[in-house]
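Q: Now for the letters of each chain:
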Amino acid sequence: MDTFLKQLINGLSLGSIYALIALGYTMVYGIVKLINFAHGDVMMIGAYTGYFVLKAFGATPFGLFMAFIASMVMCAILSLVIERCAYRPLRNAPRLNSLITAIAVELILQNLMRVLPFVGPNPREFPTMPSKVFTLRTAAYPEGLISISNIQLIVIIASAVLMIVLNYVINYTKTGKAMRAVSHDMGASSLMGVSVNRTIAITFVIGSVLAGAGGVLYASAYPQIDPTMGYIPGLKAFVAAVLGGIGSVPGAMIGGVMLGVIETMAKAYLSSQYADAISYSILIIILLVKPAGLLGKKTNVKV
Amino acid sequence: MKNKVLRNMLIPGIVAVAAVIVPAILIEMNVIDGYTAQIITLGGINAIMAISVNVISGITGQLSLGQAGFQALGAYAVILLTVNCHIPLPISIILSGLIAAFFGFLIGFPTLKLEGDYLAIVTLAFGEIIRIFLVNLKDVTGGPNGKQFSTIFTTSLDHGAMISYLAIIGTLVLIIILLQNFLRSTYGRAILAVREDSIAAKSNGIGVFKYKMTGFVIASFIAGIGGALYAPFIGFIKPDLASFNNSINHLIYVVLGGMGSVTGSVVAAFVLTGLQEVLRFLKDYRLLIYPLILIFVMLFRPQGLLGMKELSFVKTWDKLMGLFKKKAAAKIEVKGEDNE
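In order, the protein sequences belong to chains U and L.
Here the first sequence is numbered in my numbering, starting from 7 and rising by one per residue.
Here the second sequence is numbered in my numbering, starting from 863 and rising by one per residue.
In case anyone wonders, no lab produced these hints; they're calculated from the structure.
Cβ atoms here follow ideal geometry from the backbone N, Cα and C, with glycine treated the same way.
Don't take each hint at face value.
Said to hold, decoys possible - Computed spacing ranges between beta-carbons, pair by pair:
hint	chain 1	residue 1	chain 2	residue 2	range
1	U	C91	L	F1175	51 to 61 Å
2	U	E131	L	L968	54 to 64 Å
3	U	K138	L	V1140	51 to 61 Å
4	L	F1175	U	G199	47 to 57 Å
5	U	R186	L	G978	14 to 24 Å
Build out the structure end to end from the sequences listed, making use of the hints.
A: Written out as structure tokens, the structure reads:
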């Protein structure tokens, strides 16, 4: 099988997880201009919820389905609490304060998991379904043109479905319209009768639901979880969101997939140790050429 | 008039010298035990880092999330210069600061044209790149296991604590004095103008990019010095020094102390370093209390402890004297009334 195609599939599956998490960053940023550093840790909580559900139901397709539902619900409730207690009181404060609060929330989530007796600081193995590899054979390639594992298939399909649903919600529902209105102009939309608080809360919930799903998928693909596991994918997803243009929903999807593919390709063809450095350098280069990201809107400063 | 200038120099000068000398003597006489001395000295390093972040984020107004990268550069540079090139420690500390400043200059060129959150994310990416290189250049940096560094700071059991204190707090005081003077120079005023309103500054003939760059290079230099003092003081460094979390810790000092207030961030650095030690009796729960305190400060004192104001010893002295004079005047008045 072609190494390039294989790496492309690896990259796509990693990238779609990044995209799922990046969506949460970009939606929250688009609406309240806050870099929600706690987002990666919401994903971690999602992964842990999935872990406990999978332990209870066993690593079967039904168990995985239940794990998805449970972690999404858990993350939704968690983000509602975080938004209400930590971010809402600071909505009109200087932006750096919300940033520090987000970092504090991140620390609280991480350390809470470390202190909780049934979680603890040690890494755990995430229960996964037995791996199965599907291979597509054609006459020209008897040993298989392309092969994909069941977990990669689940990751790619689940993220695609979630992104299509999100796209529908944002573009074709009343809530989505409200979200777009608030992110465009908070004051004007509140004058038009949009409940700003509710819309912002819903944005947080949607972002966290995606992060919860992303957590379960990430843990299935890289089956080890610990309280600081959210840090690296969170950072990467943030980079992906900036790459695509922070605040732009399709940008986050493209940025996430791109970053995943770049990272796997760099690992395969250039150097596995410097892969992360290479993806960060590409981010910097893209920002230098297009300072607002790939799909970000360029704002002209008016005097 | 001349009298006033002399007085304005004398009061902070005395305070500065006292802050350096008195605790050093107390440490040498074992009045302050080694543990406390170490925490105070660590607070000094954190304060230097806080000043570095404050120069770029509070004073120049460009949010940087990669300041720890420059600290790590300084720390590794000082080890390489001292061990491999046999340059005496004090000179190599200054050289390390200059190396960090040079890297700041290189990195600043492309990045300072970006604005706001994009600048923040690029500095973050640079910090991570520095960390990845430190992990992987095993021959030079010792890889993920880090590097040992034994100097007079750690080897001398009798005087090590006193020497570290003198060196680190001395540098801190020196940096504060130089920075306060710098802020009152034309360059400092120009940087403040860029922070307040870059368009207005530009239309008044201030080269915005040049002054952003000046601020960034100074911040990198201070961070490099902070790292170069950290390495001999701790005696052991790891690539994690450049991690994002470390940058965030420094940023927290600045936000808590007040963006743009040098003295505020110094005070916050000392208080928070001490607080982490004081909360140690809570064991693991300490890690929960610390962020809770952060959130509460952000909720109830959003501008930080001092806001944009500076602690001024001269003004404090004036106020104290004013208080005494009032009391004395009141007493005389009371006496006068008695006589009648």
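Q: Does the Cβ distance between U/K138 and L/V1140 fall inside 51 to 61 Å?
A: Taking Cβ atoms as reference, U/K138 and L/V1140 lie about 55 Å apart, which means the hint holds.
Q: Evaluate the given range 51 to 61 Å for the C-beta pair formed by U/C91 and L/F1175.
A: The hint (51 to 61 Å, Cβ to Cβ) is violated, given that U/C91 and L/F1175 are roughly 40 Å apart.
Q: Take a look at whether the Cβ-Cβ distance between U/R186 and L/G978 falls inside 14 to 24 Å.
A: Check passed, 22 Å falls within 14 to 24 Å.
Q: Is 47 to 57 Å right for how far apart the beta carbons of L/F1175 and U/G199 are?
A: holds, 56 Å
Q: Is the gap between the beta carbons of U/E131 and L/L968 within 54 to 64 Å?
A: The hint (54 to 64 Å, Cβ to Cβ) is violated, given that U/E131 and L/L968 are roughly 43 Å apart.
The structure is inconsistent with the numbered hints 1, 2, although it conforms to all the rest.
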